[in-house]
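Q: Chain A is already provided as a structure; the job is to place chain B with the ligands on it using the hints.
These protein sequences, in sequence, are chains A and B.
Be aware that the first sequence starts at 1, since it is given in the numbering used here, and climbs by one per residue.
Be aware that the second sequence starts at 328, since it is given in the numbering used here, and climbs by one per residue.
The hints are simulated quantities; they were obtained by calculation from the structure and are not laboratory data.
The reader is advised that the hints may include incorrect statements.
[Stated by the list, open to error] In silico SDA-like links for lysine to any residue, alpha-carbon gap of 25 Å or less:
#1 B:Lys577 <-> A:Asp214
#2 A:Lys32 <-> B:Ser521
#3 B:Lys474 <-> B:Ala453
#4 A:Lys272 <-> B:Arg535
#5 B:Lys486 <-> A:Pro280
#6 B:Lys635 <-> B:Asn344
#7 A:Lys287 <-> A:Tyr14
#8 B:Lys577 <-> A:Ser262
#9 B:Lys578 <-> A:Ala267
#10 A:Lys150 <-> B:Thr374
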Amino acid sequence: MSQPILSVQHLKKYFVVGQTGMLGKRQPITVKAVDGVSFDVFSGETLGLVGESGSGKSTVAYTVVGMYKPTAGKIRFMNTEIGTNDKRPKELQKAIQIVFQDPGSSLNPRQNIKQILEMPLRVHRKDRNRLEMVIYLLEIVGLPPEAMYKYPRMLSGGEKQIIGIARALATNPSLVILDEPTSALDVSVQAKTINLLLELQKQFNLSYLFITHDLSLMRNVASRVAIMYLGKICEIANTADFFRNPLHPYTQMLLSSIPVVSEEEEALRPTKVISRGEIPSPVNIPKGCSFHTRCPFVMPHCSEVDPEFTDMGNGHSVRCHLYPQGG
Amino acid sequence: MSDVTTPLLEIRDLSVNFAVYGGELRVLDGVNLRMFPGERIGLVGETGCGKTTTMKAVLRVLPMPPGRILRGEILFKGRDILKMRDSDLRLVRGQGISMIFQDPTAALNPVFTIGEQMQAVIQSNAQDNNLSLTRQRSWELALTALKDVALADPERLLKSYPIQLSGGMRQRVCIAMALSTNPEILIADEPGTSLDVTIQDQILRLLRDLVESRNMSVILITHTLGVVRELTNRVYVMYAGSIVETAKTKKIFSQPLHPYTQGLIATVPRLTGGGIASGIPGRIPDYRNPPTGCRFHPRCPHVMEICKREKPPLTEIDQDHSVACFLYSSNQKVEQ
Ligand SMILES: Nc1ncnc2c1ncn2[C@@H]1O[C@H](COP(=O)(O)OP(=O)(O)OP(=O)(O)O)[C@@H](O)[C@H]1O
Ligand SMILES: Nc1ncnc2c1ncn2[C@@H]1O[C@H](COP(=O)(O)OP(=O)(O)O)[C@@H](O)[C@H]1O
Ligand code: SF4
Ligand code: SF4
Ligand SMILES: [Mg+2]
Ligand SMILES: [Mg+2]
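Here chain A stands alone, though its shape is the one from the complex (with noise of 0.2 Å):
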């Protein structure tokens, strides 16, 4: 396989959320929203990033970016080692870029198309006329150059995500995050938008880490796909490979419970993993395997002792007691 563009090892993001315990004795009460987690984007593919709320994603992805500073674990871009920089240089920030879940609060309401689309060229771009610039990013996201004189409120849903997409694209990226980019969009906006990233993404030589907590949708944009649950991996495989021989209790829970719309799909659901049980607090993890508080095949060593990855051969990787390493 090519180099990948990203890689991310042992990765770990911790918060800080409170206190217990009385005075004198007081013990801090931890998120571990990340939990060392790893894996690698190759150039030009689309990695799925699929979980449940609470899972971690958004903050892998704000990690990735920058927003956060990891609490331990390495991040690699294209060869150097970026996730111990306290303030990134610009030539990093321009690289990687993020489309946020959320199209609405993410763009500034007092400031129209124009201006939001200006700000990341004024810092990045200083060579390039930034009106002849709007326009070219208008134009290649499809929407017409009288648009830069609108603001947020006056645009839908799915207008206000693909000015994100706009913005994110100013600074010439190589690897954009997309945290859940059409969850807050309805069906029909959804595909025209994900159909937009797809070209986008040819026409620029792009690689995405693609957060989703549809799987659906993962299984016609990801190259591959990566599930987490409770701020670890669990499986991470070729979207083929992964469909056609999902391994992870959780993984196939997940699967089971998807409504959809065609017999052809109902045939690829595995109907064994019925869906049950909470997801536990993020501040509760339960020990050993976290999944073993709802998982169908849980054995008495699940409790206690967290699985480690298996590889299942053609880059298929699997955490679970039921494929033990070397077995």
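A: Frame of chain A; chain B with the ligands shown alone:
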């Protein structure tokens, strides 16, 4: 008197405007819907197409003003809800029709315990029936209702405040409250779609079991078409304030006829892959100035001259399958 031939609920030509600064939003433009006992109906359509507005009108909870009902009838067992006296209306809302709202957080009052809120619902419904319940009795009924929705430790839950519950638990409490009066019709607005998929799946299975065991009739509002396919037996497709197609659920998915329904189904990402269809161009119209004729015409790939002038009526073109589109109205039936 309800038998299979009399509709339990019938909405006829319902039209609703909202007054806004500098004009009027012409939102509902003649909604027609019929529900027979035991039917499970899915009401689908893009954001803003008028699903919630329709159901709020049915429960007579539309804010008026700014809302205004221009014309139409909403018949519950043959009686027009829009013309009912308050006392009759309360009975309809109690045992006739219950609604589960989209956002379980907003539906529960944060300053009262779950028990206090459930008891209040149970007590007031008893009063509407000229019954009086002891506090002990209403507590027991609340407890049973929580057990019915498979909530563990219901005694403790009754003493909890909404904030102490997870989203999935709150949604179960809302279902328990809506069912505590044993309604004949349950209206569920996006139940569980704000929840994670493994939690949503549990809620939907619960809902299906309850509805089947009590033989309730259901209207399920959602834009997740997969949920509609798994939970309902009839679908109504709404676009910009009108029903544009209705058929048995199986038929809608295997043989959608209206160009809007076809576009909606085509854009759903499939677990089998194959990419995502490019979607329906454009968006829901501005209700201050909606398109003439067929409101879908500016977005329709098959638009004809007549579509811009006249509104296509909802017409039965096959057994149990009606569509509002000029492609099917004349004798030359156009193949898709
Ligand atoms: N700045 C912060 N301070 C404290 N806790 C945080 C912070 N950011 C995230 N968390 C916590 O870390 C956990 C993971 O959060 P994150 O937002 O990354 O999850 P997510 O999978 O993206 O969730 P969602 O899909 O709901 O957006 C959550 O429990 C969250 O409350
Ligand atoms: N109280 C109100 N005042 C003004 N407009 C409203 C009001 N309630 C709903 N609308 C408008 O009616 C249209 C349909 O809304 P709604 O019934 O909520 O659609 P849906 O539930 O399908 O999303 C929208 O354009 C909405 O803005
Ligand atoms: S390690 Fe044990 S509890 Fe965890 S997923 Fe595997 S079988 Fe289930
Ligand atoms: S009536 Fe005309 S515009 Fe409307 S959906 Fe049918 S073909 Fe399209
Ligand atoms: Mg998130
Ligand atoms: Mg609604």
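Q: Tell me, which hint numbers fail for this structure?
A: Structure breaks no hint.
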